[in-house]
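Given only the sequences and the hints, what does the whole structure look like? Please build it.
Chain order of the listed sequences is C and V. The opening position of the first sequence corresponds to residue 1 in this note's numbering, with each subsequent residue numbered one higher. The opening position of the second sequence corresponds to residue 484 in this note's numbering, with each subsequent residue numbered one higher.
Just to be clear, a hint being listed does not mean it is correct.
What the hints assert, rightly or not - 20 Å max Cα-Cα, derived DMTMM-like pairs, lysine to aspartate or glutamate:
hint : chain 1 : residue 1 : chain 2 : residue 2
1    : V       : Lys575    : C       : Asp94
2    : V       : Lys547    : C       : Asp286
3    : C       : Lys365    : C       : Glu334
4    : C       : Lys40     : V       : Asp569
5    : V       : Lys547    : C       : Asp337
6    : V       : Lys575    : C       : Asp145
7    : C       : Lys40     : V       : Asp554
8    : V       : Lys547    : C       : Asp145
9    : C       : Lys40     : V       : Glu557
10   : C       : Lys349    : C       : Asp337
11   : V       : Lys575    : C       : Asp143
No lab work stands behind these hints: they were computed from the structure.
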Amino acid sequence: MAQTIKGQTGEWEIVIGMEVHAQVLSESKLFSGASTTFGKAPNHNVALVDAALPGMLPVLNEECVRQAVRSGLGIKAEINLYSVFDRKNYFYADLPQGYQISQLYHPIVGEGELTIDMEDGESRVIGIERIHLEQDAGKSIHDQDPHRSFIDLNRTGVALMEIVSKPDLRGGDEASAYMTKLRSILRYLGTCDGNMEQGSMRADVNVSVRPVGSTELGTRTETKNVNSVRFIRQTVEYEARRQVEVLESGGTVVQETRLYDPAKGETRSMRSKEEAHDYRYFPDPDLLPLQLDQAFVDAIASDIPELPDEKRARFEAEYGLSTYDAGVLVAEKETGDFFEAVAKGRDAKLAANWVMGELFGALNKAGVELANSPVSADALGGLIEAIASDTISGRTAKDVFATMFETGKSADTIIDEQGLKQISDEGSIEAALDEIIAANPAQVEKAKENPKLKGWFVGQVMKATGGQANPGVVNKLINQKLG
Amino acid sequence: MSITRETVEQAARLARLTVAEEDKDRLAGELSAILGFVEQLDAINTDDVEPLTSVVGATARMRKDAVNAGDYPERVLANAPDRVTDFYAVPKVVE
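Put into structure tokens, the structure is as follows:
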């Protein structure tokens, strides 16, 4: 369900379009041979081209082109075999060229789409307008010196994909679901690492509101560089409410650029320049048009991995998982792979429950990534086999898992070392029970009158067998003898 | 198309150029004349004609994705008017 805002004068619909900047995974920059590695000492990942020294010419990185095409195919988009690089002219201290090389008129990827999955199980298809390649800017540091700004050009010229959605999103939950899904797809494709804390993915969020039923778009604001899924949702919700208040009190929404302040949870106007930006785009004379042949695109297409939507459908069909469970497991490629390694040849539902329940819980609590899990997929598989074969009870399994997580030992080793093997053999359980019955005639009489007291015998048998008796068998025998 | 004095000021501002007051009218005249000269091309019908980007039909050559530049901050910063460690230092861009 689309979110609406109930105002004083009626109900308002929220309309959102997003421009997501995703850093392309490549070894070197879009037009230079400098490294893209994050966190290097200032101005070390800078080629003379990136510093825009006179006479330097850009040469296009083939892998960045391939990554853009791959991303386009991942959102079922039209690939434009002919595309052109343009100059977007503006001055800023961390943009030594005085222009950003981008693609305004002929982007490399045309219209595509992406399906967002909402928490209530509903899905919606969101249109994507285009993806173009462009250069990232450098970094300015303003707080180290009272009179000077420090400039680091390490990020200057790293390839970005700008992924532009259509104004199809209708609420904060949809906007955040869109970002989540886009990130997931790009990570599956290996075209962007999706690391939002490091700025590898950030969104410009365009928000406007209109009365429900209206088909005209309202005036929008653009909130720049929102760098987390949660902040995107908050940006939309704050901004839409603000605009409704402005309109209902008789004002007009100003088309402007705004900033999201995570500390206050609000957006605010960036000091507006006196004149509107005039970027004076024109085709970059240093770069010839890019002409791809269909074989180049086909080779990439033949290599596209299974994407989250397909994987989820397969998990439902192949492992009998619910849509929800399958959705959780495929959100991250690593999680899906881990689950499949655990489930292979084993009880898939049990595997899903253990991966999403105990394992995720323990990882979360310990603040450890799945990649560094002390319990490997094989090891968790071993535990599931022990449960499935009745070697240990589900109850004991949780303790075994905790020890596995702590020590990294296998389930079998822990079961052996601690003597946890479950006793299912009726003979030995019966012998233990008979002894307890013989030693406690008074309890036997009471239990016969009040069946609730049978629990006492279960406890005694468990104690006598060191907690290893199969509880099902114990209950069955007690019911036979005291029933 | 005629270029006004205001357009000259706007273009100069966008290009971060200082233009002396007394030059503005002259520049407006010169730029108008240049545009007028180029506008002769409007007489030609270019419907269905693709833009010509190269007379030899060349398209972009691409390079392999390999790191073969960088790691030379001294070369990059050699002409910097001011620096602090390996940062360029510039007049403060924000207050």
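Status of each hint after checking the structure:
1. The hinted pair formed by V/Lys575 and C/Asp94 meets the criterion: a straight-line CA distance of about 12 Å does not exceed 20 Å.
2. The straight-line distance between the Cα atoms of V/Lys547 and C/Asp286 is roughly 19 Å, inside the 20 Å bound, and the hint therefore holds.
3. Between C/Lys365 and C/Glu334 the alpha-carbon distance is near 19 Å, which keeps this suggested pair within the 20 Å criterion.
4. Between C/Lys40 and V/Asp569 the alpha-carbon distance is near 11 Å, which keeps this suggested pair within the 20 Å criterion.
5. Annotation: proposed proximity of V/Lys547 to C/Asp337 is violated, straight-line Cα distance about 31 Å (limit 20 Å).
6. Between V/Lys575 and C/Asp145 the CA atoms are separated by roughly 8 Å; this keeps the pair inside 20 Å, and the hint holds.
7. This hinted pair checks out: C/Lys40 and V/Asp554 have alpha carbons roughly 10 Å apart, not beyond 20 Å.
8. Between V/Lys547 and C/Asp145 the alpha-carbon distance is near 40 Å, which puts this suggested pair outside the 20 Å criterion.
9. With a C-alpha separation of about 15 Å, the suggested pairing of C/Lys40 with V/Glu557 holds against the 20 Å cut-off.
10. With a CA separation close to 15 Å, the supplied pair C/Lys349 and C/Asp337 stays within the 20 Å bound.
11. Our distance criterion of 20 Å between C-alpha atoms is met by V/Lys575 and C/Asp143, whose separation comes to about 10 Å.
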